[in-house]
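Using the sequences and the hints, build the whole thing.
Take the sequence shown: its letters are residues 1 to 287, numbered as in the numbering used here.
Hints are supplied without guarantee of correctness; some may be wrong.
Distance condition first, Cα-Cα at most 20 Å in a straight line; then the derived EDC-like pairs of lysine to aspartate or glutamate [as the list claims (entries may be wrong)]:
id : residue 1 : residue 2
1  : 201       : 253
2  : 201       : 84
3  : 201       : 25
4  : 112       : 25
Note that these hints are calculated values from the structure, not bench results.
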Amino acid sequence: MLGFVGVVIFGGTLPATRIAVAAIDPFALTALRTAIAGLCALTLLLILRRPLPARRLWPQLAIAMLCIAVAFPFLMAVALQSVDASHGSVVLGILPLATACVAVAITHERPKPLFWIASLIGAAIVVAFALRQGGGALSAGDLLLFAAVAASAVGYGFSGRLTAQMPGWEVISWVLVMALPISLPAAAFTWPADVAAIPLKPWLALLYVAVFSQWIGFFAWNAGMALGGIARVSQVQLLQPFVTFAFAAAFNDEAITLQVVLFAAAVICVVAISARSRTLPAPVAPV
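Structural data, given as C-alpha coordinates:
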(Lines of atoms letter the chains of each structure in order from A; the text may use other names.)
(Lines give C-alpha, C1' and ligand atoms only; values in the text may rest on other atoms or scores of the structure.)
Protein backbone atom coordinates (compact mmCIF):
# COMPACT_ATOMS: atom_id res chain seq x y z
CA MET A 1 0.00 0.00 0.00
CA LEU A 2 2.83 2.41 0.76
CA GLY A 3 4.39 1.62 -2.61
CA PHE A 4 1.06 2.30 -4.31
CA VAL A 5 0.74 5.65 -2.48
CA GLY A 6 4.18 6.57 -3.81
CA VAL A 7 3.18 5.59 -7.35
CA VAL A 8 0.01 7.69 -7.19
CA ILE A 9 2.01 10.70 -6.01
CA PHE A 10 4.65 10.26 -8.72
CA GLY A 11 1.93 9.63 -11.30
CA GLY A 12 0.75 13.20 -10.87
CA THR A 13 4.17 14.70 -11.58
CA LEU A 14 3.93 14.95 -15.38
CA PRO A 15 0.39 16.41 -15.48
CA ALA A 16 1.24 18.92 -12.73
CA THR A 17 4.46 19.93 -14.48
CA ARG A 18 2.56 20.35 -17.75
CA ILE A 19 0.17 22.75 -15.98
CA ALA A 20 2.97 24.67 -14.28
CA VAL A 21 5.15 25.25 -17.36
CA ALA A 22 2.20 26.81 -19.15
CA ALA A 23 2.72 29.89 -16.96
CA ILE A 24 6.09 29.47 -15.22
CA ASP A 25 9.44 29.33 -17.01
CA PRO A 26 11.12 25.88 -16.74
CA PHE A 27 14.21 27.44 -15.12
CA ALA A 28 12.05 29.13 -12.49
CA LEU A 29 9.92 26.02 -11.99
CA THR A 30 12.96 23.83 -11.41
CA ALA A 31 14.57 26.30 -9.02
CA LEU A 32 11.38 26.98 -7.05
CA ARG A 33 10.45 23.30 -6.92
CA THR A 34 13.84 22.28 -5.56
CA ALA A 35 14.14 25.24 -3.18
CA ILE A 36 10.70 24.69 -1.60
CA ALA A 37 11.35 20.97 -1.17
CA GLY A 38 14.82 21.70 0.22
CA LEU A 39 13.51 24.15 2.84
CA CYS A 40 10.88 21.61 3.91
CA ALA A 41 13.55 18.91 4.16
CA LEU A 42 15.91 21.16 6.14
CA THR A 43 13.13 22.03 8.60
CA LEU A 44 12.35 18.36 9.23
CA LEU A 45 16.00 17.39 9.64
CA LEU A 46 16.53 20.21 12.15
CA ILE A 47 13.39 19.33 14.12
CA LEU A 48 14.47 15.69 14.35
CA ARG A 49 18.10 16.72 15.01
CA ARG A 50 19.51 14.35 12.44
CA PRO A 51 23.32 14.33 12.24
CA LEU A 52 25.14 15.18 9.05
CA PRO A 53 25.83 12.19 6.79
CA ALA A 54 29.32 10.71 6.95
CA ARG A 55 31.69 12.68 4.75
CA ARG A 56 32.47 9.59 2.68
CA LEU A 57 28.83 9.61 1.50
CA TRP A 58 28.87 13.20 0.27
CA PRO A 59 30.11 12.42 -3.29
CA GLN A 60 27.21 9.98 -3.80
CA LEU A 61 24.75 12.50 -2.36
CA ALA A 62 26.14 15.14 -4.71
CA ILE A 63 25.63 12.89 -7.75
CA ALA A 64 22.07 12.10 -6.63
CA MET A 65 21.43 15.81 -6.05
CA LEU A 66 22.61 16.90 -9.50
CA CYS A 67 20.52 14.19 -11.17
CA ILE A 68 17.31 14.15 -9.10
CA ALA A 69 17.06 17.76 -7.92
CA VAL A 70 18.51 19.62 -10.90
CA ALA A 71 18.80 17.72 -14.19
CA PHE A 72 15.65 15.58 -14.14
CA PRO A 73 13.09 18.24 -13.16
CA PHE A 74 14.57 20.80 -15.57
CA LEU A 75 14.78 18.46 -18.56
CA MET A 76 11.26 17.19 -17.90
CA ALA A 77 9.85 20.71 -17.53
CA VAL A 78 11.37 21.86 -20.83
CA ALA A 79 10.18 18.70 -22.60
CA LEU A 80 6.61 19.11 -21.39
CA GLN A 81 6.38 22.48 -23.08
CA SER A 82 6.11 20.59 -26.38
CA VAL A 83 4.74 17.11 -25.55
CA ASP A 84 1.67 15.92 -23.64
CA ALA A 85 1.88 14.37 -20.19
CA SER A 86 0.47 11.11 -21.54
CA HIS A 87 3.20 11.03 -24.21
CA GLY A 88 5.83 11.70 -21.56
CA SER A 89 4.51 8.90 -19.35
CA VAL A 90 5.15 6.31 -22.08
CA VAL A 91 8.73 7.52 -22.61
CA LEU A 92 9.38 7.68 -18.86
CA GLY A 93 7.86 4.21 -18.54
CA ILE A 94 11.28 2.85 -19.42
CA LEU A 95 12.79 4.50 -16.32
CA PRO A 96 12.74 1.28 -14.22
CA LEU A 97 14.79 -0.42 -16.94
CA ALA A 98 17.27 2.46 -17.05
CA THR A 99 17.52 2.48 -13.25
CA ALA A 100 18.13 -1.27 -13.26
CA CYS A 101 20.96 -0.83 -15.76
CA VAL A 102 22.56 1.77 -13.48
CA ALA A 103 22.13 -0.57 -10.51
CA VAL A 104 23.88 -3.32 -12.47
CA ALA A 105 26.80 -0.97 -13.10
CA ILE A 106 27.23 0.36 -9.55
CA THR A 107 26.33 -2.77 -7.55
CA HIS A 108 28.03 -5.31 -9.86
CA GLU A 109 24.96 -7.46 -10.37
CA ARG A 110 25.18 -10.25 -12.92
CA PRO A 111 21.77 -10.29 -14.61
CA LYS A 112 20.66 -13.07 -16.92
CA PRO A 113 20.82 -12.51 -20.71
CA LEU A 114 17.03 -12.15 -20.71
CA PHE A 115 17.43 -8.92 -18.74
CA TRP A 116 19.54 -7.35 -21.47
CA ILE A 117 17.24 -8.64 -24.21
CA ALA A 118 14.21 -7.16 -22.42
CA SER A 119 16.06 -3.88 -21.91
CA LEU A 120 16.85 -3.58 -25.62
CA ILE A 121 13.28 -4.47 -26.58
CA GLY A 122 11.92 -1.91 -24.10
CA ALA A 123 14.17 0.80 -25.50
CA ALA A 124 13.13 -0.12 -29.05
CA ILE A 125 9.44 0.08 -28.14
CA VAL A 126 9.84 3.54 -26.63
CA VAL A 127 11.86 4.81 -29.60
CA ALA A 128 9.25 3.37 -31.98
CA PHE A 129 6.51 5.13 -30.04
CA ALA A 130 8.36 8.45 -30.14
CA LEU A 131 9.01 8.09 -33.88
CA ARG A 132 5.38 7.20 -34.58
CA GLN A 133 4.14 10.16 -32.56
CA GLY A 134 6.71 12.46 -34.20
CA GLY A 135 5.89 11.53 -37.76
CA GLY A 136 9.05 9.51 -38.31
CA ALA A 137 11.48 11.74 -36.42
CA LEU A 138 12.36 12.24 -32.76
CA SER A 139 11.15 15.58 -31.49
CA ALA A 140 13.20 17.86 -29.24
CA GLY A 141 10.78 16.96 -26.44
CA ASP A 142 11.55 13.25 -26.88
CA LEU A 143 15.30 13.85 -26.76
CA LEU A 144 14.88 15.88 -23.57
CA LEU A 145 12.75 13.10 -22.04
CA PHE A 146 15.41 10.51 -22.89
CA ALA A 147 18.00 12.72 -21.20
CA ALA A 148 15.67 13.07 -18.19
CA VAL A 149 15.37 9.27 -17.99
CA ALA A 150 19.17 8.92 -17.99
CA ALA A 151 19.60 11.57 -15.28
CA SER A 152 16.85 10.12 -13.11
CA ALA A 153 18.18 6.58 -13.46
CA VAL A 154 21.62 7.62 -12.24
CA GLY A 155 20.08 9.58 -9.37
CA TYR A 156 17.80 6.74 -8.33
CA GLY A 157 20.66 4.25 -8.56
CA PHE A 158 22.88 6.21 -6.20
CA SER A 159 19.95 7.03 -3.91
CA GLY A 160 19.11 3.35 -3.68
CA ARG A 161 22.70 2.58 -2.82
CA LEU A 162 22.65 5.21 -0.07
CA THR A 163 19.59 3.63 1.58
CA ALA A 164 21.94 0.95 2.88
CA GLN A 165 23.57 3.69 4.97
CA MET A 166 20.53 5.72 6.12
CA PRO A 167 16.72 5.73 5.88
CA GLY A 168 15.29 6.56 2.47
CA TRP A 169 13.55 9.73 3.68
CA GLU A 170 16.88 11.01 4.98
CA VAL A 171 18.56 10.32 1.63
CA ILE A 172 16.11 12.47 -0.34
CA SER A 173 16.09 15.11 2.42
CA TRP A 174 19.87 15.50 2.47
CA VAL A 175 19.92 15.49 -1.33
CA LEU A 176 17.52 18.44 -1.35
CA VAL A 177 19.36 20.26 1.44
CA MET A 178 22.64 19.86 -0.46
CA ALA A 179 20.94 21.53 -3.44
CA LEU A 180 19.89 24.63 -1.45
CA PRO A 181 23.07 26.64 -2.21
CA ILE A 182 22.10 26.25 -5.88
CA SER A 183 18.31 26.27 -5.73
CA LEU A 184 17.79 29.29 -3.44
CA PRO A 185 19.87 31.79 -5.49
CA ALA A 186 18.42 30.32 -8.69
CA ALA A 187 14.87 30.74 -7.33
CA ALA A 188 15.55 34.35 -6.41
CA PHE A 189 17.13 35.07 -9.80
CA THR A 190 14.37 33.42 -11.87
CA TRP A 191 11.40 34.54 -9.74
CA PRO A 192 8.57 35.52 -12.14
CA ALA A 193 8.47 39.26 -12.75
CA ASP A 194 4.68 39.51 -12.83
CA VAL A 195 3.54 37.12 -10.13
CA ALA A 196 -0.01 38.48 -10.12
CA ALA A 197 -0.44 37.54 -13.79
CA ILE A 198 0.09 33.82 -13.07
CA PRO A 199 -3.21 32.00 -12.36
CA LEU A 200 -3.76 29.95 -9.22
CA LYS A 201 -3.67 26.58 -10.99
CA PRO A 202 0.04 26.76 -12.01
CA TRP A 203 0.98 27.81 -8.46
CA LEU A 204 -0.87 24.80 -7.05
CA ALA A 205 0.87 22.59 -9.60
CA LEU A 206 4.23 24.01 -8.48
CA LEU A 207 3.44 23.22 -4.84
CA TYR A 208 2.47 19.70 -5.81
CA VAL A 209 5.69 18.91 -7.67
CA ALA A 210 7.77 20.59 -4.95
CA VAL A 211 6.25 19.10 -1.81
CA PHE A 212 4.87 15.80 -3.07
CA SER A 213 6.74 14.76 -6.24
CA GLN A 214 10.15 15.99 -5.11
CA TRP A 215 9.96 15.05 -1.43
CA ILE A 216 7.01 13.33 0.28
CA GLY A 217 6.47 10.79 -2.48
CA PHE A 218 9.87 9.30 -1.64
CA PHE A 219 8.79 8.84 1.99
CA ALA A 220 6.01 6.41 1.06
CA TRP A 221 7.95 4.78 -1.78
CA ASN A 222 11.13 4.11 0.22
CA ALA A 223 9.17 2.99 3.30
CA GLY A 224 7.18 0.56 1.17
CA MET A 225 10.34 -0.97 -0.29
CA ALA A 226 11.84 -1.26 3.19
CA LEU A 227 8.79 -3.19 4.43
CA GLY A 228 7.97 -5.32 1.39
CA GLY A 229 11.30 -5.62 -0.36
CA ILE A 230 12.57 -3.77 -3.41
CA ALA A 231 11.84 -6.56 -5.90
CA ARG A 232 8.24 -7.00 -4.77
CA VAL A 233 7.22 -3.40 -4.25
CA SER A 234 8.94 -2.08 -7.37
CA GLN A 235 6.42 -4.06 -9.43
CA VAL A 236 3.75 -1.58 -8.28
CA GLN A 237 5.56 1.07 -10.32
CA LEU A 238 4.30 -0.67 -13.45
CA LEU A 239 0.95 1.01 -12.75
CA GLN A 240 2.43 4.52 -12.90
CA PRO A 241 1.82 5.28 -16.61
CA PHE A 242 -1.86 4.47 -16.18
CA VAL A 243 -2.07 6.67 -13.08
CA THR A 244 -0.54 9.45 -15.19
CA PHE A 245 -3.10 8.82 -17.94
CA ALA A 246 -5.92 9.28 -15.41
CA PHE A 247 -4.44 12.53 -14.07
CA ALA A 248 -3.71 13.83 -17.59
CA ALA A 249 -7.28 13.17 -18.69
CA ALA A 250 -8.76 14.75 -15.56
CA PHE A 251 -6.54 17.83 -15.15
CA ASN A 252 -4.97 18.42 -18.58
CA ASP A 253 -8.00 17.51 -20.72
CA GLU A 254 -5.81 15.16 -22.74
CA ALA A 255 -7.41 12.52 -24.96
CA ILE A 256 -5.82 9.16 -24.13
CA THR A 257 -5.76 7.23 -27.41
CA LEU A 258 -5.70 3.46 -27.79
CA GLN A 259 -2.26 3.73 -29.39
CA VAL A 260 -0.81 5.39 -26.27
CA VAL A 261 -2.37 2.77 -23.98
CA LEU A 262 -1.07 -0.12 -26.10
CA PHE A 263 2.49 1.23 -26.22
CA ALA A 264 2.39 1.81 -22.44
CA ALA A 265 1.16 -1.75 -21.89
CA ALA A 266 3.98 -3.10 -24.08
CA VAL A 267 6.60 -1.15 -22.12
CA ILE A 268 5.14 -2.37 -18.83
CA CYS A 269 5.26 -6.00 -19.97
CA VAL A 270 8.91 -5.67 -20.96
CA VAL A 271 9.81 -3.97 -17.66
CA ALA A 272 8.06 -6.77 -15.74
CA ILE A 273 10.03 -9.42 -17.66
CA SER A 274 13.33 -7.64 -17.08
CA ALA A 275 12.61 -7.21 -13.35
CA ARG A 276 12.00 -10.93 -12.95
CA SER A 277 15.15 -11.83 -14.85
CA ARG A 278 17.55 -9.92 -12.60
CA THR A 279 19.67 -11.79 -10.08
CA LEU A 280 20.32 -10.68 -6.54
CA PRO A 281 22.97 -7.95 -6.31
CA ALA A 282 26.48 -8.89 -5.43
CA PRO A 283 27.69 -7.72 -2.02
CA VAL A 284 28.79 -4.11 -2.11
CA ALA A 285 31.93 -3.17 -0.27
CA PRO A 286 31.54 -0.29 2.21
CA VAL A 287 32.32 3.09 0.64
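Consistency of the hints with the structure:
1. 201 <-> 253: holds (14 Å)
2. 201 <-> 84: holds (17 Å)
3. 201 <-> 25: holds (15 Å)
4. 112 <-> 25: Judged against 20 Å, a Cα distance of about 44 Å means the pair is violated.
Checked against the numbered hints above, the structure violates only hint 4.
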